[in-house]
Every structure is written in C-alpha cells, then in structure tokens.
Amino acid sequence: MPLDDLLLVNANVLTMDAARPRAAAVSVAGGRVTGVHADAAGLAARRVLDLGGATLLPGFHDAHNHMIGFGLALTEVPS
1 MPLDDLLLVN ANVLTMDAAR PRAAAVSVAG GRVTGVHADA AGLAARRVLD LGGATLLPGF
61 HDAHNHMIGF GLALTEVPS
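With my numbering as the guide, the letters of the sequence shown map in order to residues 1 to 79.
For the record, the hints were derived by calculation from the structure and aren't laboratory data.
Built from N, CA and C at the ideal position, the CB exists for glycine as well.
The calculated label-pair distances, taken between Cβ atoms and stated as ranges, are:
#1 A38 - L74: 45 to 51 Å
#2 L14 - A44: 23 to 29 Å
#3 R20 - D62: 24 to 30 Å
#4 D5 - F60: 16 to 22 Å
#5 G69 - A38: 41 to 47 Å
#6 H61 - P2: 23 to 29 Å
#7 A29 - D50: 16 to 22 Å
#8 A38 - E76: 46 to 52 Å
#9 F70 - V48: 33 to 39 Å
#10 T75 - T55: 33 to 39 Å
#11 D62 - D5: 20 to 26 Å
#12 D17 - E76: 38 to 44 Å
Make the full structure from the sequences, and use the hints.
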C-alpha cells in the first residue's frame, strides 16, 4: 500500500456521519482525503501533523467570484 502524503492525528474530527460522528485521524494523498480513522495506530505517512486535540471539520472552498465586483474591489485601497 502506498504511503499517504499527510496524516492528521490527535484531532477531534467531526465527520457529519451519523453512523460514525467522530474520528481521531485523517489521512490525505494527492490532495484528497483517503481515510477517516478512529485512531492513528498503525498508520504512516510522509508527514504527520499532531493537531493537539483541535477540531477538524469537513468543508469545501468555493473559489467563484463576480468579476465586476471583484475587479472593482481590487482598485480600492484597504483601510
């Protein structure tokens, strides 16, 4: 089995899955989540990041913009 790129451990993962509402570790490869794990025992990755009990939520990034408003905002001087 290939090694994952990243392993997030010691986390409070809220899965939003009623059958398995919490987990403690998440593995990532190629920029995609490859697993949500009850614990990190026996898991390995190129990089392991200990979240120190921090909460991890699923999410998405919506990168769309409204071009006219976005362009006008770029001309404003931040205060």
